[in-house]
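Protein sequence lines, in the order shown, are assigned to chains U and Y. Oh and the first sequence: position 8 is 29 in the numbering used here, straight run, nothing missing. Oh and the second sequence: position 17 is 22 in the numbering used here, straight run, nothing missing.
Away from chain U, derived, C-beta distances all over 12 Å, residues of chain Y: (1) 19; (2) 26; (3) 30; (4) 117.
Only pairs whose alpha carbons sit at most 20 Å apart, straight line, appear in this in silico SDA-like list of lysine to any residue: (5) 113/Y to 62/U; (6) 8/Y to 61/U; (7) 30/U to 125/U.
No wet-lab data here; the hints were simulated from the structure. Fair warning: this is a prediction, and the values are worked out from it, not measured in the lab. The C-beta atom is built at its ideal place from N, Cα and C for all residues, glycine as well.
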Amino acid sequence: DGGITQSPKYLFRKEGQNVTLSCEQNLNHDAMYWYRQDPGQGLRLIYYSQIVNDFQKGDIAEGYSVSREKKESFPLTVTSAQKNPTAFYLCASRAGGQPNTEAFFGQGTRLTVV
Amino acid sequence: DAKTTQPPSMDCAEGRAANLPCNHSTISGNEYVYWYRQIHSQGPQYIIHGLKNNETNEMASLIITEDRKSSTLILPHATLRDTAVYYCIVRVNYGGSQGNLIFGKGTKLSVKP
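Chain U with its partners taken away, still in its complex shape (with noise of 0.2 Å):
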């Protein structure tokens, strides 16, 4: 079935550490998001890749890099920079070129840190 996979489900990490959160689409979608969701809240735009090799700050990106070597994975990296990083996680694709797509999900990463 095509979709968009978010890899793990749950994560935990111990404070002053890296971790890599996985989105992979089988959709074709040129364009790939990356939002946080904290609790009662809207989600809030990390990073956005509308191209192969190319990606954008959101509104919320320091603390996290990206990279999008390949049109299906868009990887996102929670450094230790970023001071509050407990939050739920999601990962986003839509097909690109024109601007009344919809855009797909995935089931999203919760990450709490311990």
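Here the structure of chain U is known, so what remains is to put chain Y in place on it, guided by the hints.
For chain Y alone, kept in the frame of chain U given last:
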């Protein structure tokens, strides 16, 4: 960015229509209105989108006012499984961030038996 305003919460009786309002008074002419919903601890799910005309699909109907400053999402026969947070989003369409979705806090819809 065209921002949206939604009521924080709404209740609806099972089997009745749920009408979720959204204000987007600063929307520009080429911006679409999108609706997503998020069931607890899951990724958001696309529902419907529109530009000017009313739209209907198997999930819902979208009514956009003639001046495009507001819209209403209609779930014609709400079920308990429709309990979720519903997000109304106007598509950002400028520069390199074309296509980004800017989420607000949405409306928490509770469908009650």
